[in-house]
Amino acid sequence: MRDYDEVTAFLGEWGPFQRFIFFLLSASIIPNGFNSMSIVFLAGIPEHHCRVPASANLSSEWRNYTIPRQMQEGREVPRKCQRYQLAALTNFSTQGLVPGRDVNLSQVELEPCLDGWEYSQDTYLSTIITEVRQKEYPLCDYGCADRLQFPADLLHQLGDVHCAVCHRGHGPDLQLRGGLHIRVIPESPRWLISQGRLGEAEDIIQKAAKMNKVTAPVIVFDPLEPQELTPLEQQKGYILDLFRTPHIAIMTIMSLMLWMLVSIGYFGLSLNTPNLHGDVYLNCFLSAAIEVPAYVIAWMLLRNLPRRYIIAGTLFLGGGVLLFIQLVPTEYHFLSIALVMLGKFGITSAFSMLYVFTAELYPTLVRNMAVGATSMSSRVGSIIAPYFVYLGAYDRILPYVLMGSLTVLIGFVTLLFPESLGMALPETFEQMQKIKGFRSKKKTGNSNGREKNPKVFITAF
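Our numbering puts the last residue of the sequence shown at 1341; the count rises by one with no breaks.
Keep in mind that a hint or two might mislead.
[To be verified] Derived CB-CB ranges, DEER-like:
hint, residue 1, residue 2, range
1, S1285, A1218, 18 to 26 Å
2, M1256, P1186, 23 to 31 Å
3, P933, Q975, 15 to 23 Å
4, V1281, D1083, 54 to 62 Å
5, E956, S1285, 29 to 37 Å
6, A1273, S906, 33 to 41 Å
7, E1211, E1307, 57 to 65 Å
If you're looking for bench data, these hints aren't it; they were derived computationally from the structure. Virtual Cβ for every residue (Gly too), placed ideally from N, Cα, C.
Model the full structure from these sequences, guided by the hints.
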């Protein structure tokens, strides 16, 4: 009885067909980036101050003094949520008094923005904030962006959940499809075989052989010769299997926390780029560009180094530099931006390695389910992340302190996971490795079965 890899070995490992599918799967993810990060610009909050209606009976001189000033990052700017009492200013203007000379403005009472706001168009021409009905979402009451960000993120994550449910069980090669259904991409032959659809799997392999310019057997999948993977795939796994024993439950809970906190750091830093000093668009470009070397480094590290050490190391790097930002003087803007980008580099590297690491920890029956559940946990983190960003309204350093602390903390937790480098992928729950410090009272006869295949070959990306 031959297994799937043995039957399809004639195709080769990296021919034109494999490269074509890899390109399509990679391209299908590109729209996800626009979908996830567009909220940075769509919900951007421009510089704003209280509107003074044109009908107000004020002289041109008094109109220039309707908004009180405050210090922000070393410069004087108009207050965003208060203005001088318009009735008092109208009275002063009518009497011909001069602001600052005849009237001490510090003694004039303030009032909220009763007539709405005026927004600067230096950075954004229009955003959700400027278009929303301000009477329904008062900008300085609870935070308009707070109310709009949550439903926007929630709907986006629900779309991802729908996609994950639609593709559950179709094999790890379909995990990359995201929310984009592309008819050009063929179904996984391995999954088709597990469903007894040998004819469809045969057609796909024959087309792959033709594209790779290799000669395929007349019959690749003999119906009279069941493939080795079929009995295993036909077993049914349930979400509760991720908690079926104390050991598996602890590993699952740790994995859920790891994904969620790393996601908070990743999306928190991404969504906070408009709050950095300097040009918003340049900062967003740098935040995106830093991910390219992060992925390359992650791929290189995964090839030869222990998983839990490199993931923990990149988390320590990312979290440590975020904590260091609080020590940087306010006027050292470029140093602060460099540290933020270095933190994004570390957290992005760790995030990209979680997919491989989690898949190597769980047995075949629930491997896709484990990756799906932990990925869903990261979606929860992405929904929470904007609220870390909004804490910057109280203290610009506070988001970095919180995200850095949580990132370092989860880095220590990562060291408790078992190591998967050089180990065969577990086929059963009994073959799963134990968490560091976890003692199992029962030893199974299959505990040594994993030594038969001492090396794991996984394409990381």
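- Hint by hint, which ones does this structure get wrong, listed from lowest number up? Violated hints: none at all, because every hint is consistent with the structure.
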